[in-house]
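What follows is the residue order along each chain.
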Amino acid sequence: MTKAMSKHTSTQPVSVRPVLSLHVAASLGLLVTVLAVGCGPTPAASFRTNMVMAAKQRLTTDQERQVATIVEAMFGTPDEPVALPETGLDEAKLLLAAGPVRSDIVGRKNGLYREHCVHCHGITGDGLGPTAAFLNPYPRDYRPGVFKFKSTERADKPTHADLKRILHNGIVGTSMPSFALLGDAQVDALVEYVKYLSMRGETEIKLMQAYFELDDDAQGKLPETREFLVDEVLAGVAEKWKSAADAAIPVPEMPADIDLAASIAKGKELFHGDKANCVKCHGVTALGDGQANDYDDWNKAIVDFGREIAGSREQAAKTSTAEMSPDELAEHKATLAWLEKSRQVLDGDSLRPRTIPPRNLRQAVYRGGRRPLDLYYRIHAGIHGAPMPAAKGTIPPEEIWHIVNYIRSLPYEFDGELGADRSMVASGR
Amino acid sequence: MSIRSIHWPHAVACLLVAVTAVLLCFGALVTTFDAAMAVPDWPATYGHNMFLFPLSEWLHGPWDLFLEHGHRLLGAAAGMVALVLAAATFLQERRRIVRWLVVAAVALVIVQGLLGGARVLLDDRTIAKVHACTGPLFFAVAVAIATLTASGSKPSRRSDGEPAVRAGDANVLPAASACLVAASYIQLVAGAQLRHLDASLDPQTFRQIVVVHLVGAAVVAVLSAVSAAAAWRRPGPAQRGWATVVFLLIACQVLLGGAAWVANWGVPAVAQGTMLDAIAPTGPVVARSLQGSVVVTLHVVLGMAILAASVVLAIRAGAAPFALEAAKPQRAGAVA
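Top line first, the protein sequences correspond to chains F and W.
Each residue of the first sequence is one higher than the one before, counting from 1 in my numbering.
Each residue of the second sequence is one higher than the one before, counting from 1001 in my numbering.
Next up, chain F with everything else stripped away, as it sits in the complex:
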């Protein structure tokens, strides 16, 4: 050791310095490498079974497996999607969107879904991507086949153009991004893939529900015939998608003979009136501070299932096994096993339910689009899957336009008066 060295380290011997910075960093790097390599290569992507539905339907493991096998035969895997002709899906588009991210020989990007969507919507389209827990609202689970923002009647599917518009605009006020910077062909392929995942998910759900209707002599197995699987189940699912274009909401011209201020006043009256009763949820102030503790369908399904399990649990805990016949005892045990499994499924395959507050209508943030036409659709059909009800049937079409005009004036309404910026208020669409 040199003299200088021994001098400046006199407070503590060099050899026992606690931290060796780079050594630490180096060994950490090594550790990471070893860990990652030890975990083995990334497993091939696979679709996940809808475990919540399986648990709800009390399927056995064999039945779960049967459904998984059938669904895979019909729809393929995330890397190799299959589109049976009955689905009406374009397989070339699906191939562009499916599979791992890579560029093909002409430099065109493949694997678009995994590049752009999977971290939120999940590989299965179940809304359980890695980031999901942090988002509010949660990313959409496509599997029930329910979409919120569309030009079709409440219970109908969105059109291809509806989904493209959503991808193009994103959903303001949520984490759903706009993909306006992607090429049209890419957005097109992604929309096709959303439909594919949705059909796949719906088919899976239908199959799981079908066990309930089986005859006794089916021995708990679904018939694996083309008539049942394709002509009945799959075609039924696909039919709704194919007929979406015919389900467009008829939109009448805005009444021309009424002036805007009068229309807004009329809309205000309707908004606060008993018939439309928008204030029930959106509040008299329209700040969205009415009834705000409701769930949308996806979250409600989890809440309800959770309650069902909790109820059965209580029941089971109270039941005395002392006087049970062997059969009853076996059934009781099966119930306990199902409860335990369901609890695990809820822990692992669902997110903590979140409420969907009614929109604050004074912010001019409209998730489904801000054109007057978009608002017309929203009010006419409500928001499918959400508590927001349809005005169709209770409010005549031309009156819906008054409400639209009133809604559009709300962000500019001060002290109950219409603000200055009239041109922002719809007079056409």
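In case anyone wonders, no lab produced these hints; they're calculated from the structure.
Be aware that a few hints might be false.
Going by beta-carbon spacing under 8 angstroms, a handful of chain W positions derived as facing chain F [said to hold, decoys possible]:
#1 Asp1034
#2 Met1037
#3 Asp1041
#4 Leu1197
#5 Ala1199
#6 Pro1203
#7 Arg1207
#8 Pro1268
#9 Val1286
#10 Arg1288
Pairwise CB distance ranges, derived in the manner of DEER restraints [to be verified]:
#11 F:Asp259 / W:Ala1251: 49 to 59 angstroms
#12 F:Arg343 / W:Thr1205: 50 to 60 angstroms
#13 F:Thr335 / W:Gln1204: 19 to 29 angstroms
#14 F:Val82 / W:Phe1090: 52 to 62 angstroms
#15 F:Gln344 / W:Val1222: 13 to 23 angstroms
#16 F:Gln219 / W:Ala1218: 52 to 62 angstroms
Idealized CB from N, CA, C, for every residue including glycine.
Assemble the complex: chain F is given as a structure, and chain W must be docked to it using the hints.
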């Protein structure tokens, strides 16, 4: 200054740091744009020898190809500079620590190149994550070599004539800065896990990684504050500059991290209904937007800069094991 008086190991190490910095920027961009598979083969590029791939196709081809092929070329360049550095070091440097670090650098750059190749050939995102962790490690080693070979690199406590430092204080800066090196590296490792999201990752695991990354951010911030405070409390200006730089970089990094999240994933549920809403963008999140891509890439690059700066700080503050060696004759082979 004659050419023989240049301390070549230092000069080459500085070049290596520069090349690696650009290399890492390209690497970060490759991840941001998910461009790793823009070139399906390796080590060739679309069947061409990597170095002979037509320049016009590279520069005028798709953006993804530009990034990925550029990243490969820079990687090759870094590898070559590392070899030159090895030659220079073994000719002109006697210090064991420097020699070992150079050996480590060469080993790392080779491993890193192979990992990059494996990531492409196997199309494996796990390897991509490891590749993302070894990159900054190599950078840290290069920065350490450049710092140690600089003629001005003397542990501060060697500067004679300074008033004696109180015994308790003496080790705060070396210890805190050494911990900072480790912590900022762990942050890069955690960050890489957040960036390389593969389809099979579940929300629960992701949440845990986020927690690690946030706790890590707090630890790094505290360590940098402690380092800065220790540097300023020491008599004499030594290391104040570097300690302050690290501290300011980390302050920026925290803000960038928040911005990177919001730009890509919107306002997180926990921050909704707070003051953050007021400054959050009013439009939708835009995928692949310039701002979003720049912010998230900068966040990664700044993370690496923080690692590098804390390596410099740790070495200059005399954190072991450098304190041992730095005092030895600097230019073993140099001619006076």
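Verification of the hints:
no.	hint	verdict
1	Asp1034	5 angstroms, holds
2	Met1037	4 angstroms, holds
3	Asp1041	11 angstroms, violated
4	Leu1197	4 angstroms, holds
5	Ala1199	4 angstroms, holds
6	Pro1203	4 angstroms, holds
7	Arg1207	5 angstroms, holds
8	Pro1268	5 angstroms, holds
9	Val1286	5 angstroms, holds
10	Arg1288	5 angstroms, holds
11	F:Asp259 / W:Ala1251: 49 to 59 angstroms	56 angstroms, holds
12	F:Arg343 / W:Thr1205: 50 to 60 angstroms	20 angstroms, violated
13	F:Thr335 / W:Gln1204: 19 to 29 angstroms	27 angstroms, holds
14	F:Val82 / W:Phe1090: 52 to 62 angstroms	60 angstroms, holds
15	F:Gln344 / W:Val1222: 13 to 23 angstroms	39 angstroms, violated
16	F:Gln219 / W:Ala1218: 52 to 62 angstroms	59 angstroms, holds
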